[in-house]
Amino acid sequence: MYTKLFKLFSLQKMIHSLFLINCSGDIFLEKHWKSVVSQSVCDYFFEAQEKAADVENVPPVISTPHHYLISIYRDKLFFVSVIQTEVPPLFVIEFLHRVADTFQDYFGECSEAAIKDNVVIVYELLEEMLDNGFPLATESNILKELIKPPTILRSVVNSITGSSNVGDTLPTGQLSNIPWRRAGVKYTNNEAYFDVVEEIDAIIDKSGSTVFAEIQGVIDACIKLSGMPDLSLSFMNPRLLDDVSFHPCIRFKRWESERVLSFIPPDGNFRLISYRVSSQNLVAIPVYVKHCISFKENSSCGRFDITIGPKQNMGKTIEGITVTVHMPKVVLNMNLTPTQGSYTFDPVTKVLTWDVGKITPQKLPSLKGLVNLQSGAPKPEENPSLNIQFKIQQLAISGLKVNRLDMYGEKYKPFKGVKYVTKAGKFQVRT
Amino acid sequence: MKTIVAVKKLVYVYLVRYAEEQQDLALLSISTFQRGLKDPNQLIRASALRVLSSIRVPIIVPIMMLAIKEAASDMSPYVRKTAAHAIPKLYSLDSDQKDQLIEVIEKLLADKTTLVAGSVVMAFEEVCPERIDLIHKNYRKLCNLLIDVEEWGQVVIISMLTRYARTQFLSPTQNESLLEENPEKAFYGSEEDEAKGPGSEEAATAALPARKPYVMDPDHRLLLRNTKPLLQSRSAAVVMAVAQLYFHLAPKAEVGVIAKALVRLLRSHSEVQYVVLQNVATMSIKRRGMFEPYLKSFYIRSTDPTQIKILKLEVLTNLANETNTPTVLREFQTYIRSMDKDFVAATIQAIGRCATNIGRVRDTCLNGLVQLLSNRDELVVAESVVVIKKLLQMQPAQHGEIIKHLAKLTDNIQVPMARASILWLIGEYCEHVPKIAPDVLRKMAKSFTAEEDIVKLQIINLAAKLYLTNSKQTKLLTQYVLSLAKYDQNYDIRDRARFTRQLIVPSEQGGALSRHAKKLFLAPKPAPVLESSFKDRDHFQLGSLSHLLNAKATGYQELPDWPEEAPDPSVRNVEVPEWTKCSNREKRKEKEKPFYSDSEGESGPTESADSDPESESASDSKSSSESGSGESSSESDSEDQEEEKGRSSESEQSEEEGEKRKMKKKKKVPEGQGEGSSSEEDSDSSSGSSESERTSETEEEQVEPASWRKKTPPSGKSAPVAKEISLLDLEDFTPPSVQPVSPPTIVSTSLATDLEGLTLTDSPLVPSLLSPVVGVGRQELLHRVAGEGLAVDYTFSRQPFSGDPHMVSVHIHFSNSSDTPIKGLHVGTPKLPAGISIQEFPEIESLAPGESVTAVMGINFCDSTQAANFQLCTQTRQFYVSIQPPVGELMAPVFMSENEFKKEQGKLTGMSEITEKLTLPDTCRNDHIVVQRVTAVANLGRVPCGASDEYRFAGRTLTSGSLVLLTLDARPTGAAQLTVNSEKMVIGTMLVKDVVQALTQ
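Protein chains in written order, with UniProt numbering: chain A, 1 to 431; chain B, 1 to 1001.
Simulated from the structure, these hints should not be mistaken for lab results.
Be careful, since some hints might not be right.
To be verified - Between beta-carbon pairs, the in silico distance windows are:
1) 489/B - 36/A: 46 to 52 Å
2) 321/B - 207/A: 22 to 28 Å
3) 32/B - 105/A: 29 to 35 Å
Glycine is no exception: its CB is placed at the ideal position from the N, C-alpha and C atoms.
With the rest of the complex left out, here is chain B (with noise of 0.2 Å):
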């Protein structure tokens, strides 16, 4: 027997492969599919109209439509599957069968499934993806589906419902504001309008036709919510379908949950990799807060394939901003010098778009880039100086030396686009070069023969130029170049020539032109915009082919435009049942219906005998549980199924095994703890004790199952918990807070001395980026008014200081606003108190006018607030100046797990122990806030921590390295609890005060 199935199996792909060249053969093997497809046994049912349905012949048409008919009211959802599947097959064999396969299609969409309503819904696409209205019906049922389907029907029925909820609602983003100003109406779903009644669900329904104020279709928001836990599929392309579906269906507010799980995909393969890079380069442009807080998972490794960094780069490129361009550049910097030349050059480019976005760095990154011009590899140098015309042409008048520059340059770039832009732009320019664009000139004309066609043109043009406004000095070098360029081989560059004499050079007849030459010529030229290549590309679906190509793929659905007024949503109402037992509340039960029938269904006849244990005692408990407390629980464990099951199974049993448990384990508890982890030294042999081990742990655990069955009883009463539930799911959909972390204010001061960084010198990139916070605001030293045009202002940055691990190092800034030079500059003989000591900077030599430097010193102040009292002198003044230390400044982060926390918490108590408890105001209850609200203050480090509502943060006093440890005990309600233990009392105490503070304020 054994053996037959397996030829049987071969033959079939045998048959399937050969039956289009050898028709009269096949034919001959339709009979015993036939007899197949009346098989009792429903696995053989599907198979032969599987291997069936793949015979492409002709002939058989109305035999396979027959079958596909039988099998789509078969018994068995397995055998409709199969002839969901065969609906394709047949129609690319026979377009003209589609009106009896789309009546197939549509009595097959009404099944309820999850098996066949991938299936269908791919045949659906296939066959008639323009017959929206099959879909009305079903909506809302695909919705509560999705999360059961298989992976590969999810892909497509996500798909097909973007498209479909782009005809049917209108656009979330037409009226944001209102929608913010009316966060309960937006979110509403289906159990909180149980909870409110009829009369809500009706107003809803009556506002959509009158369009204003926006209020998202209910429906609308059943598609966000079902699709939003796919997110956390395994399957990557799920998880894509759904970024696509919240790209284009949700309101602004929300498209960010789906950041995360995309930043999640980059650790996957590197094809993976590449189509999730694309997309995320078309939404960074469009949606830029999003990738923001994620900024650094695109940073490029130096093992990353070339076209994997060249799109991570490109969206570093479209994140850049004013407050991350510092680290977006040093970053660059590093790249700069990658071994891999092509990715340079994309650097380069990238670095050239920062700058012309991003107005306050043109001038660092021309810099930088002009630095590379000396680079010594050609590829990196032709690059650079293409960007450098670019940059040029934005401001070309203060920039007459890189200008200079460029021109020698010419004497060695060889690389043809390189050469071509130095010409242009000393054309372009040469009345800020008046001396050099002559000689060029006159180099070029020299080598004109040997050069590319490219900068041939560009010699033209640059010949023209000059004769228009120093005619005196190249008329013969012109006439010279243009007669080489009269007979060159290319005819585009003799049609230049002649076109360019013709203009230039007045003569009898074309004056009519010449006299407008310099117009022509030298018209003022708009600066080039350097743009994502990504822009625009979002007009495709994401997550498309026709995307990822950006070029419209054959089959290709556009996905449409918003309609302008809503299509009726009553469509999508669905008659009721007859058995439904509630008539009060008629819509909204309508809308769940076909859930519920769904999983009545599936464990239902449908299912062939072997129905497994699971669904049974599923359908079990619900029965059980609905005739015990009416009409109500049945909705809240329709709710969620899924949910129902695990807790039926568990309610069983738990009772008594559960104690029966508990005693054991309480026994066992001595042996086993302490040795926490090691449970792999193994099985057979240690099984007992390795088994305590891992269930034993503390008390908490063994409450905490009771505790949750307490919560949520399997068959509550009706209001609690539909109250619950919608309490969840609001909180479920509150928008999603993803803060870039980054305070604006603080990296930007930074600025100046972090795009030091970009003169690609040897010197070491600032260490920093430890802390999530980098320095404290910017304190006055000085005024510029006292100061006598010199303004000091100072800031802590929160690095370690180079020279000595103990000093908190000072970041002075400098800026000499008076109009002569200050000379000298260096501190004086300072006058401490004990202890305090100080590392001065360097002394600056001059400061010319309206510059800035920054310089670095270290200052000891011995584990207290005393302010830093120093001179610093000019070579004509002297200023008397103190700088005084918040407490958090005083202390460096440290890295500790939470059980070492906990340990040295123990050793910290009594009278290193201060307590201060507070209400946290609404604004400062989210754990990004918080976190960032107590960096800011003090320089600490968060310490990982498992509990719920905990932040510790942990830190050792420079000087003297005694530890401080922060916990905050934060409620849901805002009360709080903030502890701090550390040896230095005072402080501590101090840093009380300031966190108290920052976190009420």
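One chain only, chain A, in its complex shape (with noise of 0.2 Å):
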């Protein structure tokens, strides 16, 4: 009965070429894992483009009549996959992260410069992460051991030497059931480092109440340990975690049952788990803004005014704090004057960035000013919507704890730290 719904020609499933796209249009590069697919796909991805207006608009998923193609939009270049039938997309954007995050991670940014730089590298990794469309090798540490990242002193021994940074020994990593760690890594200094940074999304109404709030939240680990350890960290208060998203190396059972997160960590940079603190919570929101920002009907001016505060600050200084306000696009100019820091009026994408610094309670920073219209347009309907950035050091807004961390399966010692920093995530001021 299923022989009906099967066709009989062949299926090319998956990813059958990539694209890489500059923000001026330029195809730069182009990789096919199939049989050749010509340029002018592309042709219908510009039109979408030119459609949407802003690049963040540009519909991930386009249909054309042959092809699907599939795209993301990362550190201002597209990468256009062309797909030939039923595939998950999320399966195709997700694969897509993967390869700019691999570019990311081997050249330290994931720009056209750098990938024109790099371009043979950047051949022999698609090449390796992709068979026939499917993915193959996708983790840093069985690519790091296949292909050499890129560094001055390789590229200048390589010079020198003839020898290329292609990995002369083939990666046993794949082979093994834990494919993250690659096999005998040696370090004269053994250490472990966690980052837990915290992300507060919130949108503050007008009048300064919560409409919504909640802490995001990353455990980021550097680990840098020889041999095969196995680590387990645990918290004081794990039940803050609401919902948690583990890297494959998490044993899972373990956390079900014990709330202990045990893992054979791979080796170098990667992140640990991702969680949600439960909604339950009030989250504490440690800045405040007042604001006045008025136009004035029929004149050419308005006002402007914000000033920032601390609150529920554990008693924390609170850092780095930048405001990010889209201007209505009538605003023509912008003349403030802020107590503290510098800002910054873009009069072409009409945005004010506003570099505050560190808030002293004695002393609360505010920004004042007038604001130049078009004359004659009529005034904006809506005030400009506040972006705060800010940065806690030494704090997890949410209370999370490290309890400790055990390693078993190796001899040595090796050195432990945790560090804890709370920011703003999407932060938004309505006014």
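Join the two chains, each given in its own frame, into one complex according to the hints.
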């Protein structure tokens, strides 16, 4: 009964080709894993891009007569993949992001220049990451064994000795059931660092009350341990973690039964978990903003006045404060005086950025002044939202605390450290 | 040597890219690869096969076939994986090889390593997805392996298993009620079975063919259970795959678990958000309750890209229901003023949909939309007109005024769609606006030639309708319009004009139809249904490309319907391998078998020399424990291989080393303490001290590892172990308890006030939402009989009173049920006990019959529960009323951390501490309910709390600002202890009483 659903022609599954396109619309790199697809297929993409006006609004999935284009936008580059048949879109999107992450990891940045400079490595990477359109080796540890990342020293050595950055031994990680860790790791200083980074996502309404707030956190690890260490990390208050997603190395059952993170770590930097703090808890909002933005009817100016102050900051200093405001289109220029920090206003994009720095409670930073509007245009209907960035060192706002880290499986004594940081995530104040 | 490898690789890349175009050249290389296939190094064999199979030259098909067959029985799993990858390549080159390839696939499907599983299923999906019979024998193995397969393989396997399950199992929803009555059966899994013995298993399988009562096939359950942990994968694709599996396969009660994970993905890249939101939109139509608790996660930020905004709006609209519409509409109100006009238009549509779906808010929405008509932006106005038109169609009689207002707008609005909508409305309801309608037609006739086509058609329509109802005034106008239309450039308009003329203007021949013209034109038309564009999209498999595009993509495989009768479940049984030790519990054993054999196989001979220490230690410990305690232990360790690994490696060294470490730590405790989190100041210099700080901490940590070792001894007695595990699992599968937090009755009472927000004035929004529960139930102040038609209720809104922070804000709702207006409502001279003061509400001048109004007043109760007595005066009467606050309303929540809480609590002991023991009823043992009940009674804020089963709440009394700290220590057994710490002993005592009552009732 299923034969009737089946088509006799051959199906070309998964990712067919990849095009890298820069902001000005040049296709500067293409890679095909199956038969070659003409560049002209990208015309459909350009069409959609034109329609969308804004790069962020290009639909990630575009249907064309013979292919489907799935694209992502990362660091001012479009990664456009060509698909011929049904495939879960997230599968492709996830893979493309993994490619971009790998470039970032290898070259320090994922930019057109970096990719062009290392075009050979890029091709080698893409060849290893995808086999016939199906992901093969995507773990950074395996890839780094196959293809060594470029460093200045290595390129000098290579040019002198005539060797290359392709690994001469084939990786063993792929063969084991812990593919994320390479074998034979050796360090003289054995260290394990964990960064607990929490971000507050919030929407604050006009009157200053919280419409929505939640805490999202990640634990990033930097592990430089020799051999095959088996770590377990426990928390003082694991119940705070409401929804957690894990790096594949974590043993899920152990977490389920004991709320302990037990894992054999990959070598180097990686994201151990990301979590959301139970939404039932109240979220402390560390800053408040007093604002008064008004545009006068029938006149070409308006008033702009914002003040920032600390609130529920648990006794820590709030630093790295930046306020970004997308002003309405009719704003021509702004004449402001900050009591602290410096501000810039870009008349083309209409983005106001105020770099505040630290808050000292004695003297609250404020930014006041006049807004010049296009004369004759009607006054803007809505006041712009304020996007706020800040940072609080040595504090996890949810109160999450690492209890201890134990290492098994190796004899040496590692050096361990935990760092806590709280940041603003998508923190928006409506005015 | 190094250079050679590098060059080789680049040559491969070149070869694969150009082989198709230069076949002869490519053929020259073949022999090299054939040699490579025989290399002793597994990695060289694998890469030779990889390149060979990538060369798209038809002549070498036989060579490839041979190579694949050989590689499929290679010792190395990595080479076998490569063979699986090569299968689709060969198939796309020559589909005639299908039969032979299926043989290879069948062989590889039986492979027991995680490395191969993903790749071979991918090959299966590509070559022979219709051969579902190949899966039977491997089904249980795949389910069990799933968690260890790499992410990409997981996605492919999950989507294949979704299809498989749809053909092999019965629908879990067909007999929902039975399932709920009999949760044990439904939740049973392999371990539990083990404990119960073979009898129950047989009973279950025997029950299946009978179809009644519905019992979930244990294999169906196995799939659901083994995929659930993957919801916590870091890969969005895997999470989505599991989500769709649950959506399509799980019983209704269990689908809820996916909501949390999907909401988490909304933090990811915008492309991921886009895809996830599309799927959430579809799901939220079918299963609204699932996402309701996460409503706020879909709120829109001004920085979101428009396409994301519109999808979020879609989800919000789908989630809107009776209880949460006020919140949703208030949120929409802020969106309307956005600078992004496309988004504003979509918001207006969304308001329209809320209004049609939820009758109670229709009028409010309509009023809001009418206000929008005076907006400066034409697009906004146009969109509002279109939506208003749809809303009016539902109840035209009451809205003559709005139609008149719209008629006036025709002078200004230029957007064709809006003009057309107005004209249609006027025509349709011309009897409600008998005077204006002909005038509008007159104006339109004047500008007819300059209008857009769509407007012209509506002008003809309007003319025809007016001619039929009011021919005296409009006869000439109609004829004029029809003549203009007759010579229009557009043939549709000419056609329409000709048709209309024949119909309405009586002539000699056409009499038959024109007699019925009125019926034709003015037939009652059904109101439009505003529906989500995501309705019915769920016939596509969620998460698929086809679903996203809402069109069948090439190669999309329809998700089959559930079978009527379950196919024979025994096909999935696997023959018992010879080395099985136990023969008495055959059936379940068999099922588990592939899993053991797999773990054995992984560290066995297939692994080449470089097998890592980790897997070795695992297999070591396993074999030792097996020999130690016989058959039963093998059960427990195979149950979770992963866990075993950790445990074994620990047990080897933890005893002695642990002791040593403990000693050291204890010594170091003093120096590191108090510093807490500040270890980032750095490494090399202070390595000693900062380490101790990290490892020192409290006593409990040292006890902890030991205690769990006790709990799960590596080789325990069979029965207790099995039982314990099954208990755990049961817990794991209790139906998700994500009820919406908002109590329905409460929110609805403040509906009226909230909706005032939709009038789009600039007045600030009512601040609320800080505490999880907004306000408590409405209480009566004055009955409508006693009040001679005036009924007065009050609620404690729990919002800070704007005038004075010490005052409790009370919302007073007046409604007039008499038939005369009540005038001059105000508060008369209050007679108040000492200390209590009242901030009166502004006088309400007049309350028309049937109307109701809400006013806000503030009362400073001076931290006592004494009643505030005052007079409520109208022009003619005075009523004596009193408001007595529940003790819980005399406070406001404060935010504090657990440490602060404990510190403060330490100060408030002795007399200030009141403790009460209670037993929580079964209904009241989950977090949500406890928190909800407590916060409903008292206006306190929850304190984030680490320890399990402890709930802490904090608040300050309004007048004196003294702290009120509430701690509830609930044991899993239901016994609980409630402690309230407060300087105000009276308040503390009363609060304890109230909370106990709320929790135990």
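Okay, the hints, checked on the actual structure:
no.	hint	verdict
1	489/B - 36/A: 46 to 52 Å	holds (49 Å)
2	321/B - 207/A: 22 to 28 Å	holds (26 Å)
3	32/B - 105/A: 29 to 35 Å	holds (33 Å)
No hint from the list above goes unmet by this structure.
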